[in-house]
Amino acid sequence: MKRISVAERPNWRTYAEEVGFNFHTFDGEPYWDETAYYQFSLQQVEDDLEAPTEELHQMVMDMVGDITRSEEMLTQLNIPRDYWSYVWNSWNGGEPHLYGRMDLVYSGTGPAKLLELNYDTPTSLFETGFFQWVWLEEQIRNGVLPARADQFNSLQDKLEQAFIELELSTPFFFTSVRDNAEDRGTVNYLMDIATQSGRNVHYIALEDIGVLTDAKGENPQFVDLDDHPIKGLFKLYPWEFMVREDFGRATLAANTQMVEPAWKMLLSNKGILPLLWSRYPDHPNLLPAFFETASSEPMAAGWVRKPLFSREGANVDLITGGGEEISAAGPYADGRYIRQAFQALPKFRDEHRNADTYAMVGSWVVGDRAAGICIREDATLITRDSSRFLPHIILD
Amino acid sequence: MKRSKKAALVLTVPVATLLIAGCEKEVQGMVYSSPEECSAGGWNTEQCEAEYAKAKALHPQVAPKYVSKEECEADFGDGKCETAPQQTASGHSFFMPMMMGYLAGQMMNRGANFQPGAATSGTNTAAAGNKSAAGAGVPTQPLYKSRDDRGTYRTAHNTPVAKGAGPVSLRPSQVQPRVGSLVRRGGFGQQAATRSSYGG
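Here the protein sequences come in this chain order: V and B. Every position in the first sequence, counted from 1, becomes a number in this note's numbering once 5 is added. Every position in the second sequence, counted from 1, becomes a number in this note's numbering once 34 is added.
Each hint should be verified, as a subset may be incorrect.
Computed list of lysine to aspartate or glutamate pairs in EDC-like fashion (alpha-carbon distance at most 16 Å, straight line) [claimed, not checked]:
1) V:118 <-> V:55
2) B:39 <-> V:356
3) B:40 <-> V:155
4) B:36 <-> V:51
5) V:236 <-> V:172
6) V:7 <-> V:356
7) V:7 <-> V:155
8) B:36 <-> V:155
9) B:40 <-> V:162
10) B:90 <-> B:116
11) B:114 <-> B:104
12) B:36 <-> V:52
13) B:36 <-> V:356
14) B:103 <-> B:116
15) V:118 <-> V:52
16) V:118 <-> V:184
17) B:36 <-> V:142
18) B:36 <-> V:251
19) B:39 <-> V:155
20) B:39 <-> V:143
21) V:352 <-> V:401
22) V:7 <-> V:401
23) B:39 <-> V:162
24) B:179 <-> B:109
25) B:114 <-> B:183
26) B:114 <-> B:71
27) B:40 <-> V:382
28) B:40 <-> V:142
29) B:36 <-> V:162
Distance windows between CB atoms, simulated [claimed, not checked]:
30) B:198 <-> V:260: 41 to 49 Å
31) V:169 <-> B:224: 56 to 64 Å
32) V:260 <-> B:60: 15 to 23 Å
33) B:217 <-> V:186: 24 to 32 Å
34) V:212 <-> B:116: 23 to 31 Å
35) B:105 <-> V:203: 35 to 43 Å
36) B:117 <-> V:341: 52 to 60 Å
To spell it out: a stretch of chain V is covered by chain B in this simulated footprint if at least three of its residues, at any positions, have a beta carbon under 8 Å from a beta carbon of chain B; those stretches are [as the list claims (entries may be wrong)]:
37) 129-142
38) 148-157
39) 201-214
40) 240-247
Hints in this document: simulated from the structure, not taken from any laboratory. Each residue gets a CB set at the ideal place from its N, CA and C atoms; glycine is no exception.
Extracted from the complex, chain V is given alone in its bound form:
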């Protein structure tokens, strides 16, 4: 695993905007960054990332059924009691899931370690499946990279296949928060692929979803702006928010197929990390993890504290093995926490900026198959929403 500086393609920004990638730069800072790329060997990709991703995924999936039947675990994961049978039904009814991303610490040698699962609302999808794919094709065409250079990135092929195979109602709706460009970009990409797979798709802003009830206020049904029923809905909006909002209860009775399904709320929760560790202690791809309780000792060096629900590194506190304390601010300080053993992200030299940088590997799962990777870089040990996205190649 190497970090290699390379010239940017001229006019990539213009192209990005033409294909709807209008969040390539945030507040004047680059989000998409092609001043360098990461190079892996095929063996590193297949043995250290692809195979462990599928194994970790299988381990996680094997636990879901047990969690749905365990009052103790559902409580530990802070799943509201009103939703326990809904989640159980969603799992036992075999409601299909589409995709997820696990974040890994990997330095090129030794086993990759699972940092967390983003199994409900992962973004960076367009950047991975489309934009870094095009980057490689163009850099090969430009003669910058050899023709035999490859990329671990079958995301679009696998998503297309999933949209062909999944049983989805027609039309199928997609929703995201109205004024979020990044989430909208992710949803647009999924809708584009679904369209190419022959699906009839509609977009509705999350805030525009209606609940139609009968004259007694019963039998809720989700409806679009024309009051037509929404029978299938991909939601780029977290389950842990939905179950705590006004329309949450309507999902219990509404006849709407949700993607991701309700059982995914068990896996997009950092409480899955201590549960995994207790079932698979000393697994080479897991880090020790525990639920924090009122009687937990103050956090020692070499540990990380994460809220059960948090995104993009928000509200994460860590103490490195050397005792350095790093904290990320955020809006998720209102819930429970887990602790996870600290494993430093590998450090690389960013020649373009003449600075050190840390890299994290995101590993995608579509259906139940490993489907590609993406790299996020940050100047700190906590990867957050402002962290840059860099392309990668496979070249031996």
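Once you've looked at the hints, dock chain B against the given chain V.
Coordinates of chain B only, in the frame set by chain V:
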């Protein structure tokens, strides 16, 4: 090869469902604020009362419902809302605007060959039960006035019908009352306001 065989976009911008305007024929209706105003307009008093009673009965069924009186008054004006007869299973009340007038849909079309439930005959053979058939008039129903446009009579689904009392021409499909439904929006997304990011 470890990468997709192709990565392509069709860049389809989803289009809103197009309204099917069609070549529907306009029919006549009458708009009045009360049966008294109706009979003062020279119409048969008994008919004015009958149509009014029909609209009044429909009012609690079709009027838009709000979970609070304040939300209702924000749309329809102070003191212009009342408690709806419906309640949720948990006993929570709804509020709805007061009926400000009515659309009498059958009076102008008397003598036409429309008889609800009767066998259709002649040339005006629309689908059975389709009350928008030519000669059938428009559906009789309650009308409302919004806070910011006091002059206009509107249907329960906010379709403007008339600027004042008297005869109007309408396409029946635009004023079909939808009975028995309560729609609320905005029940998802509250947490988004307090959290910075939603995907991850």
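task = For the pair we were handed, residue 40 (chain B) and residue 162 (chain V), check the Cα-Cα distance against 16 Å.
result = Given pair residue 40 (chain B), residue 162 (chain V) holds - Cα atoms ~7 Å apart, limit 16 Å.
- Task: Verify the proposed pairing of residue 118 (chain V) with residue 52 (chain V), using a straight-line Cα cut of 16 Å.
- Result: holds (13 Å)
inquiry  = A range of 23 to 31 Å was offered for this pair. Does it hold for the Cβ distance of residue 212 (chain V) and residue 116 (chain B)?
reply    = holds (28 Å)
Worksheet item: Is it true that the CA of residue 118 (chain V) sits at most 16 Å from the CA of residue 55 (chain V)?
Response: holds (13 Å)
*Restraint status (C-alpha distance of residue 118 (chain V) to residue 184 (chain V) at most 16 Å)*: violated (35 Å)
Hey, residue 39 (chain B) versus residue 155 (chain V), does the alpha-carbon distance stay inside 16 Å?
holds (11 Å)
Pair hint residue 36 (chain B) and residue 52 (chain V), alpha-carbon separation not exceeding 16 Å: holds (13 Å)
Exercise. Given the hint that residue 103 (chain B) pairs with residue 116 (chain B), does the C-alpha gap stay at or below 16 Å?
Worked result: Cα-Cα ~8 Å, so holds.
- Message: Checking one constraint from the list: CA of residue 36 (chain B) to CA of residue 356 (chain V), max 16 Å. Satisfied?
- Response: Roughly 29 Å separates the two Cα atoms, so the pair is violated.
Supplied distance hint 41 to 49 Å, evaluated on CB atoms of residue 198 (chain B) and residue 260 (chain V): holds (44 Å)
Please check whether the stretch 240-247 of chain V has three or more residues whose CB lies within less than 8 Å of a CB on chain B.
holds (count 5)
Pairwise hint evaluation, residue 401 (chain V) against residue 7 (chain V), where the allowed Cα distance is 16 Å at most: Holds, because 11 Å separates the two Cα atoms, which is no more than 16 Å.
Of the hints listed earlier, those the structure fails to meet are numbers 2, 13, 16, 18, 21, 26, 27, 31, 32, 36, in rising order.
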